[in-house]
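Please build the complete structure, drawing on both the sequences and the hints.
Protein chains: 2
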Amino acid sequence: MKFTFLPKPKDEPIAALEAEGHQHVALEDNPDMILFGGGPGDFPDQLPDSVKVVQIQYAGVENLQDVFAKHAANGVRFANAGGLYDDTVAESTLALLLAVEHRMKAVDREWNNTQLFKEKQYLFDNKKLAIIGAGGIGKTLIRFLEPFGMEITAVNRSGNPVEGADHTVTLSDDVWDNHDYFVLIAPLTEETRHMVNAETIGKMPDSAVVVNVGRGPLVDTQALTQALADGHLRGAGLDVTEPEPLPADHDLWGLDNCVITPHVANIPRFMERRIGGLAAKNWELFTAGEKMATEVDVDAGY
Amino acid sequence: MKFTFLPKPKDEPIAALEAEGHQHVALEDNPDMILFGGGPGDFPDQLPDSVKVVQIQYAGVENLQDVFAKHAANGVRFANAGGLYDDTVAESTLALLLAVEHRMKAVDREWNNTQLFKEKQYLFDNKKLAIIGAGGIGKTLIRFLEPFGMEITAVNRSGNPVEGADHTVTLSDDVWDNHDYFVLIAPLTEETRHMVNAETIGKMPDSAVVVNVGRGPLVDTQALTQALADGHLRGAGLDVTEPEPLPADHDLWGLDNCVITPHVANIPRFMERRIGGLAAKNWELFTAGEKMATEVDVDAGY
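Order-wise, the sequence lines are chains A and B.
The first sequence stops at residue 302 when you use this note's numbering, and every number in between is there.
The second sequence stops at residue 302 when you use this note's numbering, and every number in between is there.
No wet-lab data here; the hints were simulated from the structure.
Fair warning: there could be bad hints in the mix.
Heads up, the list lumps identical chains together, so a pair's fine if it works in one copy or across two of them.
Under the rule of at most 25 Å between Cα atoms (straight-line distance), these lysine-lysine pairs were calculated in the PhoX-like manner [said to hold, decoys possible]: (1) Lys-52 / Lys-128; (2) Lys-10 / Lys-118; (3) Lys-8 / Lys-118; (4) Lys-2 / Lys-52; (5) Lys-291 / Lys-128; (6) Lys-203 / Lys-128; (7) Lys-291 / Lys-70; (8) Lys-281 / Lys-118; (9) Lys-281 / Lys-2; (10) Lys-291 / Lys-8.
Dropping the structure here:
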């Protein structure tokens, strides 16, 4: 199989694919597959007819809808990197949750331990957590959370049980009412946009913490900022924001109950280490006439 | 049984002991037991002859050696709170480790994700961790670390296997040479003082991270500061420091690879919730003529 890596070739996945007998070529040399790691503006306007599969190196592909529409019409099939970063994102989620509850951002040079004695919370202390958009990352997160003994509710569109969760449900008011922690991992669709807003925050207990490792627009930033400033939420951990990057003068930066990381739940090092193997596997499935392991449903958009 | 709570009575443990039929009295009303939550200066010079047992509400009792010497000579027996805060300290240890490796303190309002892409490390990524002073907290910590799949070495004085550890050894150069993470939970003795110093840091790999949740003087602060500033250590997480409180102008505060919390790994809320139950249990053992569950070996000093 001949493949092209766009927009910027990376050594590690190229070596992994070459080790399996595949050949790295330029776009004009009629590749069978494209590995793609850019944004919509980086995608070629025209693809050679030889291209059968595009392997995207990230999991959230909502920004590629126009690319899908255009090239799927020509029979090109797309795969994302769903599942490839379950462990990186799950560990980062736990790190955010702990940083919020252990009040890492409130630590002061003046040794403010009496303040922290009051404010610090422990994950093991009889907590309930809801994972909104529970798929592969959610399942791995549940494994990371297992030692804390939380009651865990997986929330997804199907309601199909998620391994390790105490309950799996579809989204309803009951979810917002009855949990201490809300972890957002849902894909961004018109249905999920601003799912955390003034109204849903209003249903949450005052002790709630929201962690967003999905997409920034899952949260209405203004409503969240207000609730954190007013104490209607105990805290938030945000790896993604709207807008993103979050402007340096945004109020969220100054709130010590809001721990922010700059979209680093997963990092390129792990993409580079793993995407070659996934591309090879997907190519094998494709040539066997099967559905690829991470094939994008271009109609659903993810 | 009659008990006194010094220096400052707390409602929750008093209620717990009263629920078991015990009676809260003043020191001059001949208590059988004293619950003690202060420092050496708070301990009464003279105890009524009625006092048989002193239940200390914390675990690290190195500052009470003179108190032990004086009153043990009169037959008073002491119990500490060892084991009562295994979960609080273990969770706090994990929070520090994650905050260091996920570079929480290096996050910048300028959205420095390219910096963090390079620097961020994951606990699940093939790491080796040594727990120096592995007892009850260490055992609980191992449980919290289980999902990360680390190779874990328990280090203690006996070399007796610790549940869940891949190896249990006594301290040697091999330990300092061969781990990514060093978690210090040892009690403070003349033997353990400054166990992390310029020499032992010199043996550690440059990628090492030191987490101290034991006692500040386990670490030579100056040597640690130097190594962190020079990049001879990747990071440190400190819940305890020497001196403590760490002065507001200390260099460690300014190092973004050093995450500091102000001695809050365990917090008074959990002491108050749990010490009454432990005191009742220890009293029961004492009256049955047995060794108390957390009896202090006053000669060993802990």
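Hints, verified against the model:
no.: 1; hint: Lys-52 / Lys-128; verdict: neither (45 Å within a copy, 43 Å between copies)
no.: 2; hint: Lys-10 / Lys-118; verdict: between (49 Å within a copy, 15 Å between copies)
no.: 3; hint: Lys-8 / Lys-118; verdict: between (50 Å within a copy, 18 Å between copies)
no.: 4; hint: Lys-2 / Lys-52; verdict: within (11 Å within a copy, 82 Å between copies)
no.: 5; hint: Lys-291 / Lys-128; verdict: neither (37 Å within a copy, 39 Å between copies)
no.: 6; hint: Lys-203 / Lys-128; verdict: within (15 Å within a copy, 43 Å between copies)
no.: 7; hint: Lys-291 / Lys-70; verdict: within (20 Å within a copy, 78 Å between copies)
no.: 8; hint: Lys-281 / Lys-118; verdict: neither (51 Å within a copy, 27 Å between copies)
no.: 9; hint: Lys-281 / Lys-2; verdict: within (14 Å within a copy, 72 Å between copies)
no.: 10; hint: Lys-291 / Lys-8; verdict: neither (27 Å within a copy, 68 Å between copies)
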